[in-house]
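Enquirer: Got chain P sorted already, so can you dock chain A onto it with the hints?
Going down the list, the protein sequences come from chains P and A.
Note that our numbering has the first sequence beginning at 1, numbered continuously upward.
Note that our numbering has the second sequence beginning at 1, numbered continuously upward.
If you're looking for bench data, these hints aren't it; they were derived computationally from the structure.
Just so you know, not all the hints are guaranteed correct.
As the list makes no split between identical chains, a pair holds if one copy fits it or if it spans any two.
[As the list claims (entries may be wrong)] Cross-link-like lysine-lysine pairs, in silico, DSS-like; alpha carbons within 30 Å at most:
id, residue 1, residue 2
1, K257, K221
2, K221, K90
3, K3, K204
4, K204, K139
5, K267, K204
6, K3, K90
7, K3, K139
8, K267, K221
9, K139, K257
10, K267, K257
11, K139, K90
12, K139, K267
13, K90, K204
14, K221, K139
Number of protein chains: 2
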Amino acid sequence: MDKWIAVDWGTTNFRAFLMQESNCIERCARGPGLLQIEPGNFEAELFHLLQSWFAEAPYPIVMAGMVGSQQGWHEVPYVEAPCTFSSLTKQAYAFTTRWSSPVWIIPGVRCHSPYQQPDVMRGEEVQLAGLSAINGPGKYQVILPGTHSKHVLMDNQSISHFSTYMTGELFALLSQHSILGRALPPQEDNLAVFHSAIEVAQRKTPLSHQLFSARTYRLNKEIAEQHIHSYLSGLLIGAELVNCETTQSVWCVGSSKLTENYSRAAKYLGINLHTIDGDECFIRGISHLYQHIAGEQ
Amino acid sequence: MDKWIAVDWGTTNFRAFLMQESNCIERCARGPGLLQIEPGNFEAELFHLLQSWFAEAPYPIVMAGMVGSQQGWHEVPYVEAPCTFSSLTKQAYAFTTRWSSPVWIIPGVRCHSPYQQPDVMRGEEVQLAGLSAINGPGKYQVILPGTHSKHVLMDNQSISHFSTYMTGELFALLSQHSILGRALPPQEDNLAVFHSAIEVAQRKTPLSHQLFSARTYRLNKEIAEQHIHSYLSGLLIGAELVNCETTQSVWCVGSSKLTENYSRAAKYLGINLHTIDGDECFIRGISHLYQHIAGEQ
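With the rest of the complex left out, here is chain P (with noise of 0.2 Å):
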């Protein structure tokens, strides 16, 4: 296995790796997401991005996240879980660009939730991939916190199910476009009133009335304006995690800013949360599964 190229295309983010076997030698940080993206300009936009590594040579391209959506490059039917990661490949979509270099888009991922509600994931199963391949076989619950934070069952080596919890777009919408966020100066973290959050969030009240304590604590001057971030941040985790797992070992897969406040909401709820930094599960997954690709070549 040579040089190749490991892409993670999201809505709003690009992210490439240039490959050596299972290192990455190059990063380019940033790129267009999706919404940025003109329907079939895929093609230009990538040899532009990365015009400097296919002039060494048309490296094959393995990729991930929302560029295999409807939206996206080409659609990549979701594959239905319980499923391993080598059914993954097996369904990845394979074409060849412009330039000859072989591209595969890993399929994402559908499942019924344990709340018997349908749900979607696009990109977070390379990460699964990558955390699978460190821990080996095991059940064990994920949290792979972000704009649709993901709970997900891992057992024996194959995602069993999953749940979305829209826990960041709603931060995001509450924060610059209610009530609750209106007029607010520039936020500090506090851990006192972040905790305080989570109590209310463990009463397991409507989550529509617990929000609106945001304004009245507020009115009230029982949270001082600067912290009200850190109180939606508590309400909103909170929600999302009062009915984890407290027995065994939880693995929480991103960024350090992204996992930061889940690994606090944790240690106040006495849940068991391992963190492991998102990128490195992202490089071990992807190149775990273009091994599998590669085999099956």
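Expert: The following block gives chain A in isolation, referenced to the frame of chain P:
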């Protein structure tokens, strides 16, 4: 009791009623809400809006709503529930305009909700005074739907306690700014879809997970693109009503546009909901409060 003026002045709306005793003889249905008025400009704005009425005489004015908040004309401290309606008139803020109209601003009400969090209302207390005058003594639940929907327990013509649900605001945020509302065609009401969302809401799984089903059912083409608003509305109203009393009658106060979906949801959930017009309750309530005020002079 001769002519007087009732004003409902909220964050985004202004409405005024020229009253002859308890009868409304003229209306001013449009005017700027608080957000559109410069601080210090309330008096001039009111005179400008109602100058044809003030040309007759400096009629007394009774006002309610966010006009009594920190961002309003004069901040009027909340009255603590449980409270009677006469305690509201006793704590009304009284002053006189430049053109000699006596003014009273009715205070809002605060309490600890049945879920142990601080809660507030401003404006709804007037509609409750009206409903209480219509219903007489007794113990019953009231729902006042809106941006911040209120669930109130009335007991012996007093406000016992209440809780706020951010149903209307969440609907607006999700339909206008989130991925769930992105790129939708013109929307149509659909009762079957609305009911299916109430089914989901009844499962009492975390709301931030339930909401994502508006995306996955759309992806799976199990809900048509033109019915997404019906679905979101069902999820949010369902979450609000799921803990509601089913053995006794519940009153729902608002315009038919606001109460319609609540009636549908209540019917589906077996809640015995009686709707009553919000304007009727407001006029009845503010007349009742003005009688108290006039009696106290």
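Enquirer: So, for every hint listed, does it hold in this structure?
Expert: Against the structure, the hints:
no., hint, result
1, K257 to K221, "within (28 Å within a copy, 36 Å between copies)"
2, K221 to K90, "between (58 Å within a copy, 25 Å between copies)"
3, K3 to K204, "neither (51 Å within a copy, 50 Å between copies)"
4, K204 to K139, "both (27 Å within a copy, 26 Å between copies)"
5, K267 to K204, "both (19 Å within a copy, 25 Å between copies)"
6, K3 to K90, "within (21 Å within a copy, 81 Å between copies)"
7, K3 to K139, "neither (34 Å within a copy, 75 Å between copies)"
8, K267 to K221, "within (27 Å within a copy, 40 Å between copies)"
9, K139 to K257, "within (27 Å within a copy, 50 Å between copies)"
10, K267 to K257, "within (16 Å within a copy, 46 Å between copies)"
11, K139 to K90, "within (24 Å within a copy, 64 Å between copies)"
12, K139 to K267, "within (21 Å within a copy, 44 Å between copies)"
13, K90 to K204, "neither (42 Å within a copy, 38 Å between copies)"
14, K221 to K139, "neither (46 Å within a copy, 33 Å between copies)"
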